[in-house]
Amino acid sequence: MLFYTFFKTLMGKEVVVELKNGVAIRGTLHSVDHFLNFKLTETSVEDPVRFPQLTTLKSAFIRGSVVRYVHVPSAEVDTSLLQDAARKEAFEAAAAAAKAAEEAPAA
Amino acid sequence: MAAELGKLIDHRVMVLTNEGRTIVGDLAGLDQSINLILRDSVERVWSSDKGMELVPSGGLSMLRGDSVAAVCELNADADAAMDWEAVKADAIPRLKP
Chain H
16 MLFYTFFKTL MGKEVVVELK NGVAIRGTLH SVDHFLNFKL TETSVEDPVR FPQLTTLKSA
76 FIRGSVVRYV HVPSAEVDTS LLQDAARKEA FEAAAAAAKA AEEAPAA
Chain E
852 MAAELGKLID HRVMVLTNEG RTIVGDLAGL DQSINLILRD SVERVWSSDK GMELVPSGGL
912 SMLRGDSVAA VCELNADADA AMDWEAVKAD AIPRLKP
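Residue numbers (this note's numbering), protein chains in the order written: chain H, 16 to 122; chain E, 852 to 948.
Chain H with its partners taken away, still in its complex shape (with noise of 0.2 Å):
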């Protein structure tokens, strides 16, 4: 969820998502779901010499699933806010599953 957040506020920015067979797509970031599935627009493919399959797209849907890396411009990222966000997140997940463990065995 934190991770979904963080992303659109990048969205309009310029990324490059790499996959899990190492194909990297640059373009700008249109949308993005909660499966962190990416819409690009005006797309590039980052080694059109090995890819040339790939350097006539126009935009791309990319499933969340086959995403290794997203690399997006550090000037845009708070990387201590959003450390100390990351932290909150676990630390309030870590809170609930424990009140959950407590309240499970009296009902």
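Treat the hints with care, as some may be off.
Under the rule of at most 20 Å between Cα atoms (straight-line distance), these lysine to any residue pairs were calculated in the SDA-like manner [stated by the list, open to error]:
no., chain 1, residue 1, chain 2, residue 2
1, H, K73, E, K901
2, H, K28, H, H86
3, E, K939, H, F66
4, H, K73, E, T868
5, H, K73, E, K858
6, E, K858, H, F50
7, E, K939, H, G37
8, H, K73, E, W935
9, H, K73, E, D930
10, E, K947, H, E104
11, H, K73, E, L925
12, H, K103, H, Y19
13, H, K73, H, R41
14, E, K901, H, V64
15, E, K858, H, E57
16, H, K73, E, E855
17, H, K35, E, K947
18, H, K73, E, K947
19, E, K947, E, T868
20, H, K73, E, A929
21, H, K23, H, T56
22, H, K23, H, L97
23, E, K947, H, V81
24, H, K28, H, E61
25, H, K73, E, A931
26, E, K858, E, S899
27, E, K858, E, L925
28, H, K35, E, G871
29, H, K28, H, A90
30, H, K73, E, V875
31, E, K901, E, M933
32, H, K23, H, E104
33, H, K35, E, A942
34, H, K23, E, A854
To be clear, the hints were calculated from the coordinates, so they are not data collected in a lab.
Note that this is a predicted model, so its numbers are computed, not measured.
We have chain H; now place chain E onto it with these hints.
Quick look at chain E alone, frame taken from chain H:
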């Protein structure tokens, strides 16, 4: 998510599958699981020695969502201008074992 893909209906798309295959066709329909229906689809088979080969599948074909890696809109003019038969390239590596 399907809303974004819905905009591509009746557009010429290239689908990249988990096996690294590329299938080009007109997107006729889709659902929440990214199951796709393609009209007039052709598979583009790539090899580094012979160049690209077209394998038509004829009529409508349905692709199961869990084997779809990406659905890409083609730039029709640039695609038509390419001499694909002369393009020699290794097949795209598969995405999942």
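Here's how the hints hold up against the structure:
Restraint check: the Cα-Cα separation between K73 of chain H and K901 of chain E comes to about 27 Å, which exceeds 20 Å; the hinted pair is violated. For the proposed pair K28 of chain H and H86 of chain H, the alpha carbon gap of about 11 Å is at most 20 Å, so the pair holds. With a CA separation close to 10 Å, the supplied pair K939 of chain E and F66 of chain H stays within the 20 Å bound. A threshold of 20 Å between alpha carbons decides the hint, and for K73 of chain H with T868 of chain E the separation of about 18 Å falls inside it, so the pair holds.
A threshold of 20 Å between alpha carbons decides the hint, and for K73 of chain H with K858 of chain E the separation of about 13 Å falls inside it, so the pair holds. A C-alpha spacing of about 19 Å is found between K858 of chain E and F50 of chain H, which places the hinted pair at or below 20 Å, so the restraint holds. Distance restraint check for K939 of chain E and G37 of chain H: the Cα-Cα separation of roughly 19 Å lies within the 20 Å cut-off, and the hinted pair is therefore satisfied. Using a Cα cut-off of 20 Å, the hinted pair K73 of chain H and W935 of chain E holds, with the two alpha carbons roughly 17 Å apart.
Between K73 of chain H and D930 of chain E the CA atoms are separated by roughly 10 Å; this keeps the pair inside 20 Å, and the hint holds. Taken as a hint, the K947 of chain E and E104 of chain H pair is broken in the structure, with Cα atoms around 30 Å apart against an allowance of 20 Å. At roughly 5 Å between alpha-carbon atoms, K73 of chain H and L925 of chain E fall within 20 Å of each other, so this suggested pair holds. Between K103 of chain H and Y19 of chain H the alpha-carbon distance is near 15 Å, which keeps this suggested pair within the 20 Å criterion.
For the suggested pair K73 of chain H and R41 of chain H, the alpha carbons sit about 11 Å apart, so the restraint of at most 20 Å is met. Of the pairs offered as hints, the one joining K901 of chain E and V64 of chain H holds, with about 17 Å between alpha carbons and a cut-off of 20 Å not exceeded. Between the alpha carbons of K858 of chain E and E57 of chain H the distance comes to roughly 16 Å, so the proposed pair stays at or under 20 Å and holds. Using a Cα cut-off of 20 Å, the hinted pair K73 of chain H and E855 of chain E holds, with the two alpha carbons roughly 14 Å apart.
Restraint check: the Cα-Cα separation between K35 of chain H and K947 of chain E comes to about 8 Å, which is no more than 20 Å; the hinted pair holds. For the hint pairing K73 of chain H with K947 of chain E, the CA-to-CA distance comes to about 25 Å; that exceeds 20 Å, so the pair is violated. With a CA separation close to 10 Å, the supplied pair K947 of chain E and T868 of chain E stays within the 20 Å bound. At most 20 Å may separate the alpha-carbon atoms for a hinted pair to count; K73 of chain H and A929 of chain E meet this at roughly 10 Å.
For the given pair, K23 of chain H sits about 15 Å from T56 of chain H by alpha-carbon distance, which is consistent with the 20 Å threshold. A distance of roughly 13 Å separates the Cα atoms of K23 of chain H and L97 of chain H; the hinted pair therefore holds under the 20 Å criterion. Simply put, K947 of chain E and V81 of chain H have alpha-carbon atoms about 8 Å apart, close enough for the 20 Å limit, and the pair holds. Taking the CA atoms of K28 of chain H and E61 of chain H, the gap is near 17 Å; set against the 20 Å cutoff, the hint holds.
Taking the CA atoms of K73 of chain H and A931 of chain E, the gap is near 13 Å; set against the 20 Å cutoff, the hint holds. Annotation: proposed proximity of K858 of chain E to S899 of chain E is violated, straight-line Cα distance about 34 Å (limit 20 Å). For the hint linking K858 of chain E to L925 of chain E, the alpha-carbon distance of about 13 Å falls within 20 Å, and the restraint holds. The suggested pairing of K35 of chain H with G871 of chain E holds, with an alpha-carbon distance near 11 Å, which does not exceed 20 Å.
Restraint check for K28 of chain H and A90 of chain H: the C-alpha separation of about 11 Å stays at or below 20 Å, so the hint holds. Only pairs whose Cα atoms come within 20 Å are accepted, and K73 of chain H paired with V875 of chain E is accepted, the gap being roughly 14 Å. This hinted pair checks out: K901 of chain E and M933 of chain E have alpha carbons roughly 16 Å apart, not beyond 20 Å. Proximity of K23 of chain H to E104 of chain H is assessed by CA-CA distance (about 17 Å); at most 20 Å being required, the pair is judged to hold.
Between K35 of chain H and A942 of chain E the CA atoms are separated by roughly 15 Å; this keeps the pair inside 20 Å, and the hint holds. Pair hint K23 of chain H plus A854 of chain E holds up; C-alpha atoms about 16 Å apart against a cutoff of 20 Å.
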